[in-house]
Each structure stands twice: as structure tokens, then as C-alpha cells.
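Colleague: Let's have the full structure, built from the sequences with the hints guiding it.
Residue numbers (the working numbering), protein chains in the order written: chain A, 1 to 198; chain B, 1 to 600.
Hints listed in this document are in silico derivations from the structure and should not be mistaken for laboratory results. Each hint should be verified, as a subset may be incorrect.
[Stated by the list, open to error] Cut-off 30 angstroms, straight-line C-alpha distance, at most; resulting in silico cross-link-like pairs (DSS-like, lysine-lysine):
{"hint": "1", "chain 1": "B", "residue 1": "473", "chain 2": "B", "residue 2": "372"}
{"hint": "2", "chain 1": "B", "residue 1": "571", "chain 2": "B", "residue 2": "544"}
{"hint": "3", "chain 1": "B", "residue 1": "442", "chain 2": "A", "residue 2": "112"}
{"hint": "4", "chain 1": "B", "residue 1": "571", "chain 2": "B", "residue 2": "370"}
{"hint": "5", "chain 1": "A", "residue 1": "112", "chain 2": "B", "residue 2": "372"}
{"hint": "6", "chain 1": "B", "residue 1": "124", "chain 2": "B", "residue 2": "307"}
{"hint": "7", "chain 1": "A", "residue 1": "69", "chain 2": "B", "residue 2": "2"}
{"hint": "8", "chain 1": "B", "residue 1": "533", "chain 2": "B", "residue 2": "509"}
{"hint": "9", "chain 1": "B", "residue 1": "573", "chain 2": "B", "residue 2": "544"}
{"hint": "10", "chain 1": "B", "residue 1": "544", "chain 2": "A", "residue 2": "112"}
{"hint": "11", "chain 1": "A", "residue 1": "69", "chain 2": "B", "residue 2": "307"}
{"hint": "12", "chain 1": "B", "residue 1": "442", "chain 2": "B", "residue 2": "509"}
{"hint": "13", "chain 1": "B", "residue 1": "271", "chain 2": "B", "residue 2": "307"}
{"hint": "14", "chain 1": "B", "residue 1": "533", "chain 2": "B", "residue 2": "473"}
{"hint": "15", "chain 1": "B", "residue 1": "271", "chain 2": "B", "residue 2": "124"}
{"hint": "16", "chain 1": "B", "residue 1": "370", "chain 2": "B", "residue 2": "473"}
{"hint": "17", "chain 1": "B", "residue 1": "370", "chain 2": "B", "residue 2": "573"}
{"hint": "18", "chain 1": "B", "residue 1": "271", "chain 2": "B", "residue 2": "370"}
{"hint": "19", "chain 1": "A", "residue 1": "112", "chain 2": "B", "residue 2": "271"}
{"hint": "20", "chain 1": "B", "residue 1": "544", "chain 2": "B", "residue 2": "533"}
{"hint": "21", "chain 1": "A", "residue 1": "171", "chain 2": "B", "residue 2": "2"}
{"hint": "22", "chain 1": "A", "residue 1": "112", "chain 2": "B", "residue 2": "370"}
{"hint": "23", "chain 1": "A", "residue 1": "69", "chain 2": "A", "residue 2": "112"}
{"hint": "24", "chain 1": "B", "residue 1": "533", "chain 2": "B", "residue 2": "573"}
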Amino acid sequence: MTEIERVNILVVGVGGQGIITASDIAAQVGLDLGLDAKKSEVHGFAQRGGVVESHIRWAPSVGSPTCEKGYVDVLVAFELVEAARWADWLKPDCIVLVNHQRLDPMSVNLGKATYPDEDELLAALRARAARVVVVDALPLAEQAGNPRTMNTIMLAALSSVLDTDPEVWRKAILRRVPQRYADVNEVAFALGREVAAS
Amino acid sequence: MKVLLSGNEAIALGAWEAGVQYASAYPGTPSTEVMERFARYPGVRAEWAANEKVALDNAIGACFGGARVLAAMKHVGVNVAADSLMSVSYTGVPGAFVLVTADDPSATSSQNEQDSRRYAQLAKFPCLDPSDSEDARKFAGIAIALSDRFETPVMLRSTTRLSHSKSAVESPAPAAREFEGLPKYDRTVSIARAILPAVARRRHPEIEQRLRDVADWASTEGFVQGLNHVEMRDTSVGIVTTGMAYQYVRELLPDRSILKLGMSYPIPLEKVREFADGVDRLVVVEELEPIIEEQLVNAGIEVAHGKDVFPICGELTPAVVRAGAVAAGLLDVVSMPDNVPLDIEVPERLPALCPGCPHRAFFYNVRRYKRKAIVAGDIGCYSMGALPPFEAVDMLISMGASIGMAHGFNRAGGQESAIAVIGDSTFFHSGIPPLASAVYNKANIAVVVLDNRITAMTGQQEHPGTGITLQGKAGEHIDIAGVARSLGVDFVEEVNAWDVDAVNSILRKAMAHEDGPAMVIVRGACVFTPYFKHQPIMHVDPDKCVTCGMCFNVGCPAIVRSDEIYETSGKRKTAIDPLLCTGCSVCSQVCPVQAIGRAE
Numbered sequence: 001m002t003e004i005e006r007v008n009i010l011v012v013g014v015g016g017q018g019i020i021t022a023s024d025i026a027a028q029v030g031l032d033l034g035l036d037a038k039k040s041e042v043h044g045f046a047q048r049g050g051v052v053e054s055h056i057r058w059a060p061s062v063g064s065p066t067c068e069k070g071y072v073d074v075l076v077a078f079e080l081v082e083a084a085r086w087a088d089w090l091k092p093d094c095i096v097l098v099n100h101q102r103l104d105p106m107s108v109n110l111g112k113a114t115y116p117d118e119d120e121l122l123a124a125l126r127a128r129a130a131r132v133v134v135v136d137a138l139p140l141a142e143q144a145g146n147p148r149t150m151n152t153i154m155l156a157a158l159s160s161v162l163d164t165d166p167e168v169w170r171k172a173i174l175r176r177v178p179q180r181y182a183d184v185n186e187v188a189f190a191l192g193r194e195v196a197a198s
Numbered sequence: 001m002k003v004l005l006s007g008n009e010a011i012a013l014g015a016w017e018a019g020v021q022y023a024s025a026y027p028g029t030p031s032t033e034v035m036e037r038f039a040r041y042p043g044v045r046a047e048w049a050a051n052e053k054v055a056l057d058n059a060i061g062a063c064f065g066g067a068r069v070l071a072a073m074k075h076v077g078v079n080v081a082a083d084s085l086m087s088v089s090y091t092g093v094p095g096a097f098v099l100v101t102a103d104d105p106s107a108t109s110s111q112n113e114q115d116s117r118r119y120a121q122l123a124k125f126p127c128l129d130p131s132d133s134e135d136a137r138k139f140a141g142i143a144i145a146l147s148d149r150f151e152t153p154v155m156l157r158s159t160t161r162l163s164h165s166k167s168a169v170e171s172p173a174p175a176a177r178e179f180e181g182l183p184k185y186d187r188t189v190s191i192a193r194a195i196l197p198a199v200a201r202r203r204h205p206e207i208e209q210r211l212r213d214v215a216d217w218a219s220t221e222g223f224v225q226g227l228n229h230v231e232m233r234d235t236s237v238g239i240v241t242t243g244m245a246y247q248y249v250r251e252l253l254p255d256r257s258i259l260k261l262g263m264s265y266p267i268p269l270e271k272v273r274e275f276a277d278g279v280d281r282l283v284v285v286e287e288l289e290p291i292i293e294e295q296l297v298n299a300g301i302e303v304a305h306g307k308d309v310f311p312i313c314g315e316l317t318p319a320v321v322r323a324g325a326v327a328a329g330l331l332d333v334v335s336m337p338d339n340v341p342l343d344i345e346v347p348e349r350l351p352a353l354c355p356g357c358p359h360r361a362f363f364y365n366v367r368r369y370k371r372k373a374i375v376a377g378d379i380g381c382y383s384m385g386a387l388p389p390f391e392a393v394d395m396l397i398s399m400g401a402s403i404g405m406a407h408g409f410n411r412a413g414g415q416e417s418a419i420a421v422i423g424d425s426t427f428f429h430s431g432i433p434p435l436a437s438a439v440y441n442k443a444n445i446a447v448v449v450l451d452n453r454i455t456a457m458t459g460q461q462e463h464p465g466t467g468i469t470l471q472g473k474a475g476e477h478i479d480i481a482g483v484a485r486s487l488g489v490d491f492v493e494e495v496n497a498w499d500v501d502a503v504n505s506i507l508r509k510a511m512a513h514e515d516g517p518a519m520v521i522v523r524g525a526c527v528f529t530p531y532f533k534h535q536p537i538m539h540v541d542p543d544k545c546v547t548c549g550m551c552f553n554v555g556c557p558a559i560v561r562s563d564e565i566y567e568t569s570g571k572r573k574t575a576i577d578p579l580l581c582t583g584c585s586v587c588s589q590v591c592p593v594q595a596i597g598r599a600e
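Modeller: What follows is the structure, encoded as C-alpha cells:
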């Protein structure tokens, strides 16, 4: 494990994917690791079916609660095309963690836009980032016993690429999720760790 | 131990710690969570009001009785409350009065980017601008103390970024507290609580003096208490900043001298002058309007850069402040390699009505009447009726404006039928007076109330139509149909929100109705309420789907394209996402070939 001193994390996806909860947990982990942490997102009009972005920053002392465009260290994308949407926010040597899920926006369903070719999209991301980790979070979450644990799978993968103490993450997740879902989240966390490590 | 709190949660905590015992609010992004959080503290009475003016008046009455009070609203809500706000500044307050307002730079969830600090100037009371959650908590306490000491209302002004960011605060000590209630009404206090012309004339010079006294306090006590502070470093440039902008400044320009003003109006002029004298040139970094910059310029203090490089429009971000700092010569240009979009066309992803949303069948129907009718919309989730695939809202201005606009269009000789579309919470907010006016003037309009039994857009808050209080307890439920009938509306019909044909036929009748307004109440609970009934999900029979695309006209996120191609058209067939579908069946009702049915 490496000692992390500062990191800018951008979590993106589509409203309803559990991004806000995941970001709350990731920010708490920053505090639990002994750093200062802030997080920020916009609620409201874009809530459902729209684009969601959540910023998490860890440092000895954090000023801005949002990342600066061009300075994101880790992009966690819960949906394929959303990873591409935020690519210009990335640092050249960043890590991209992308959920292998495609959610067609209304513009695509109505035939007004096309969804990019998946291979081209991933190739473009690989050309941009230092490392791209593709996670099949939905089938893994179903394997864990509840599709809504998708965000725990993504957090587990994030804990792995950041090379931080998994115990801190596991505890932060269990403090946040309802007690009756503790078991499925434990399983999901273990599955996510495995996948990101392989 | 430190915990992460949002700016809104921290304001609620600080207000409670400062002894606020009564609070009233109307929900509005980004201010809503202030009241939701405050209501959970012991020994307080907290309420949702029907609108922001009612919330403010509630708070004024409680304060005039001697209580420490808080009213919370979003920036445009202050417009609704402005009438009372101007006058309560004149009367002054015997208890303590904090108005929490949350502005929305970049209008992420609002109709405009107005800067509430202008209201503080207009009404002549102080405005505090916290820059993180610890500030928010502390400033709530300072606001109460200031109000108490100077008998003035105080504005505690947040922004979307502060309200919805979380940062660390010292974990609060849990404490029990009993609700105290008001003392016997004290008629001997010096405060003139009944504003009449003679009182206003007498009070005005006293208000001017009060502002000067507050500014003096800000110059002395304001620094002692940490509301304002100076960070002296390199003296070639001094930066005056406030609110969230301070965070960007301290991070991007760590070597510069900073004067952080926690009170952006009125500013502590003598201290600012001292700071200006200690540096070679002064730069002001603030979001939206040049409130501080204008105060400096008016006082004859030279400002080298302000709104010339830090824009009035839009939210300040690290990137925007960096660009401004470069333009002001405070930073060298740092080249950012590769900071460009990918060479991939990314499809637009606009927000959409949720799967199962009770507004869907109405907007699907109303788009058929584009030639015959205009739709005056209102503020709520149903504002999304303006977006594809419906594009069925022709006018949209402010809360409650739909009925008045439809009325005006009709009475001015509009050639099309006028339909007003308003939600249940918005109807109680400001829909009743325009309905009375429409009855009185015999406006031939169709008023459609989309009654989803909740204030949905802001995250499901209760209101007078739900009959449930902020604490989740049973209150009085007010029936919208009964209200309309009692106002003299003689056509009032209710219809099941998910019955496409029934909504259509009742809408036709309402549009044909003459001699005054007709009301249609489209009843169907929001999918996030406990009243919404999930049903067995829908399924597309791929052997029947002819890819006509009708189902996409209901704009449901659960309706997607499958990988199976219909050979005749070469298009991908429809499929339904089983994780998203709620079984509302609106899609199956519009499918011309009955390809959509309940999944087995």
C-alpha cells in the first residue's frame, strides 16, 4: 500500500445509479485515512435520467470542493459514454475506472444521436489515460445478491486502484448502508476487490 | 471527531446551537435540506409553509413575539417574500431573525442567477457569506447574535456549491432540549412592530444608522469572532474575497495576501482601507454581482481587477478563477497537455420524467394539440414537459405563473385554447389567487393540476395537499377540487394519470368549456411516494414490434432499443429495461400493434 497524500476523484454516471451514496462514502474514507476531504455535486433538475457528476477531493487541507478541469486523478464512470463525456477533465496520467454498462440516452432512443461504438470508445480512453480498468459491475452486483450494490462494486474497485487499506473502505460502506443490506454489500465489496486486482 | 456535513446541514446545526426554536420554509433547490435537517433537532418547531412569503411571515410573527427564528428559501423564493422582507427591516426585530437564502450560480436548478446580496442592500440589513460547512455552522450563530444585538434581520446567504458540498466539521455534542414557547407578549419593547407611514419615516434614518453600526462591529468584533480575517503574505497584491470564491483563491494563489470577508454587506470599510494600504494593488474575487467591488469603488478605494476578469455570469470554478487570475497577472499560464475532449461524439443526455411518472400520459396527449392550444407551464418536475420528446410547454416563468399567463393570453384575444399546467404543491404555493382572478374575469382556460401528492422536484416534501407535516405526522389535508369549486369553478374533473385515453378525453372537454376556467386534476402519486403502486413490469413481444417508434414518444427511460433488427425497417426493435420499469403501462396503451404487455 502507498501513502496517498492528495487525490482528485470524479464520479460520473446517470441519475439513479447510486452515485451520491458512493461519493459520500469515498469522501468519508478520505477523513478516515487521516486526510481532509470535501465532496460536491449538483442535485435537483438533473436528478433522474440526467448526467450526474460528483467530485471528491482528499488532501492535507482541501480548498475547492470541486476538482479543476484537467486535474482529475481518477475518473469513476458508472456508464460507458459518461466516461467519454468527462475525458477532458482528466490529468494526462490519470486512471479511469469504467463500469461496463450502456444506458442509451433519450436522444439515442429518439434517433437524434448515436451511441458511440464501444470498442472505439474504450480505445480512445486507453489512449488518453495511463490505465483503464473495465468493471462488469451489474452482473457482479447481481451475483452478490442485489443489483443496487453496483456502487459498492465500483467503490471496491476504486479502493484497489488507489492502493488504500480495504478495511477502511469496508467499514465506511457498512456504516452507511442499511443494516439489512450489510451482507450483500460485504459480498459485493469482496467481488469488486477481486475483479480490480485481476 | 470530525464529520462531513453539507453546507445546508451545517446551517441547520448552527442555527439550532444558537437557540433557534421556530423555523418555517418552502422547499426549493438548493435550500431544501436546511429545514429537513433543522426539523430533526430536539426542542424546535419547524414547518413547511405554503410559500416563501408565508414562511417569512410565520418567522416574523414568531420573532415579534420574542423568539429566535429562521426562514429558509431559494433565491427566487426571496422574490415571493420580498414585500414583507423590506418592511421587517424597517421595523427591526425584538427576537433574532435569520433569513437563509441559497443562490444558484449557473442556474443548475433555477430560472435565473440572481444574487440575493442585492436584497440585503435593498432592504438594508447585513449579509453573511460562509465559504465551507464549518463557516456555515459558525456564521449561523453569528447571524443570530448580530440580529439579537442590532435588532436587525440578517441574511445568511448560501450558494448551490456550498449547500450541496460536504466538508468536515467538529462533531456536534448531542443535547436534549425542550421547546420553550414565547413569553407573554411584551408591549413595552421599543421595536415598532406595526409599520405605518409615520413609523416608516421615523425608522428610515435609524436603519441607516444601524447599517453603519453593523459595519463598525464588522471592523472590530467581526475580526475577533473570525467572521472576517486577513492572511498577510506577499504584499504586491491583496485579494478581497468572500463565500466559496475564497476556497478557489486560497488554493490557486497560496502566496497572496487575502482579506476574507464573511460579511459581504456592509463591508468593514476602515479595515479594508488598511488592507488596501498594505498592498500594492487590490483584486476582488466574488461570485455573481460585484457587491464588494462596488462598495470599494464607492468608498474611493482603487480596485485593480474584479469583474473585468472574474465574470458576473455563471458559477466561479477553479478553472474560471485560474483564467481570471492569469488575466489579472497573478498567475503564469500553465499549459495543460491534452486537455481536450476525446475524438468521439458523445450523445446529449437530458433529464427525463422517471419511469412510472404520473405526468407522462398528460404530456403525451397535450403534444397532439400543438396547433389548437398553447400550454403555459409552471415550476416543478413537469417543467420537463418542455424537453424532448414532448416539447409541449410554450411559456414558463415562475412559481404559480401558469394560470395567470394562460388567463392573460386568453383574455387578450389568443386564437388558441390556453392550457395552464401546474403541480399540486405549486397550486398551493401561488395558484389560488390567479384561479380566483380567472373565475372573476371569466377567463376561458383549462387549468390542469398534475397532482402527484408531493413536492417532487426538490426531493419529495409534504405540502397542504398531502395533509402530512414536515415531521411526517397527520395534519389537515386540503382538497384541490374543493378549493376550485368553492372559488366558483363549475367544471372540475378528476382523472387517473396513467389512463391515456381518459386523460385525452377530459382534456378535450376542458378545452371546449366556456364561461370561465375549467379544471382537470390529473391524479397519480409520484413514484417516490409510498402511495405509488408498482405493478408487474411490461415486456415487448419482439415478434409483434414493427419499430414504429410510438412508444418512444412517451419519453420513458425504461424504453430502450434491443439488438434485434426488424427486417422491414432495418431498425432495432423496442425492449424494456426490467430494472427500471414500474409497470405503469402507458407505453402499452400507445403501442398501435399491441406488442407491449405485462411480463409473464
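Colleague: Which numbered hints turn out to be false for this structure?
Modeller: 1, 3, 16, 18, 19
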